[in-house]
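Peer 1: These are the residues of each chain, in order.
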Amino acid sequence: MAYQFDFAQVVTGQYGQWLMEGFVTTLKISGISIVASLVLGTSVAMARLSRVRPLVWLAAAYTEFFRNTPLLIQLFFWYFGSYSILPQFVNDWLARQNFEFACGVIALTVYTAAFIAEDLRSGIFAIPKNQLEASRACGLSFVQAMRYVILPQAFRIVVPPLISQFLNLIKNSSLVMTIGVMDLTYMARQIEAHTFHGFEAFTVSTLLYLAISLVVSLGVNCYNRRALRTPAH
Amino acid sequence: MHWNVVAKNFDYLLIGAYPKGPLGGLAVTVLLAIGGIFGAFWLGLGVGLLRMARKRWLRWPAMVYIEIIRGTPLLMVVFWFYFLAPVLLGQTLPEAQSALIALIVFTSAYIAEIVRAGVQSLPKGQMEAARGSGLSHAQAMTHVILPQALFNMIPSFVNQFVSLTKDTSLAFIIGVSELTKAATQINNRTLTAPTEIFITVALLYFAICFCLTEFSRRLERRINRFQARTR
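Chains R and C, in that order, are what the protein sequence lines are.
Taken in order, the first sequence gives residues 1 to 233; the numbers are from this note's numbering.
Taken in order, the second sequence gives residues 1001 to 1231; the numbers are from this note's numbering.
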């Protein structure tokens, strides 16, 4: 049986529009999760570096647990299993949102934040300890020293690993199709089911994912060349 | 809470319906991961060595392969092999086989980068000394560079094995009956205990991956003492 390649059908008309919608959904869910996971990851890293024992343990348990379980299981947990353990007002709030999308964002955020926290921690460890001591001696509080001295330098070191985490997040966002978010992969699957031209649909969506990765890594390389070359203070 | 649902189905999570039916559950997850890492190691070693070749027509295909695979989500690769096989072979591959191939191809790109980093992190003098004592480039690679580089890379390989173990959960999407599939099957059958089931499955994955992560941390500390250094 000879296979008839038909790219035109997949990229034009209704199916082309589906792919475009999926692409936009992928960008949206990744964008929101990137911002949220950066915030959550930074706070977890701070908790891990603080002097408060219970906070340290909590943050360590969080990073170890979420880094060592598959994202797919976490997605299913939030989607199917979170109802009975979350407080009622959170459930009510989630029910008013686009539930699948919200679960996808939560899972991606919580998963990626664990990796970001580890990267930030190793970035902060790379800053010599006497920097903190010197700024404490100058009269800054711990939070001030972190905010004005340590973090600005650490962020500079962690930009490359952070970006690769963001790229991972964008690629991982393809998993949200399993809980019914209509992202790029979902749409490709849908087109396959409608037309039996899965080969073409997956080629086009792979190229779109590649395009995102390439654009981000090109942007980062430019940034690196401009920003990271300037000597640190 | 309905932990009795988990207790009653725990053997199904571990080995599927095995003595009476096909193997499934955690056993298949572990088999996929082990098969995947062995395949990916050899493919990745080959691609990594090609990536460092001095001839352009060897280096560029390897580079393109690595960049394309690393820029693509694993789910896409899984679908690729699942839907590519009928086009190429004229018949569908069994799910487990196409999932395994996808895992090998996907992981090998990352292994190739690990190999490259490991070889490049060795001091240049090692290669020069080996060539200077009369070994050819290939001999120097196999007898001097690779044994050291591969030894230093063991922790990275273990880390890659951890992410591969997590990644085997994606085989569920094309219908391989491994741990995640067992969990969704039990969940669909009972419908009363999704929280408990998915927490249990997460803990099972965690048990494997955490042990491996700890193991790689220990190894890293030991290996750091034996590394050839520039100074």
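I should point out that these hints are in silico values taken from the structure, not numbers from a laboratory.
Positions of the beta carbon are idealized from the N, C-alpha and C atoms, including for glycine.
Among the clues, some could well be false.
Derived pair list, reagent style SDA-like, types lysine to any residue, alpha-carbon separation capped at 25 Å [claimed, not checked]:
1) C:Lys1008 <-> R:Ile85
2) C:Lys1008 <-> R:Met46
3) C:Lys1008 <-> R:Gly81
Here are the simulated distance ranges between beta carbons [what the hints assert, rightly or not]:
4) C:Pro1094 <-> R:Ala61: 21 to 27 Å
5) R:Pro152 <-> C:Lys1008: 34 to 40 Å
6) C:Leu1058 <-> R:Tyr83: 50 to 56 Å
7) R:Phe142 <-> C:His1137: 51 to 57 Å
Peer 1: For which of the previously enumerated hints does the structure constitute a violation, in increasing order of number?
Peer 2: 2, 4 and 5
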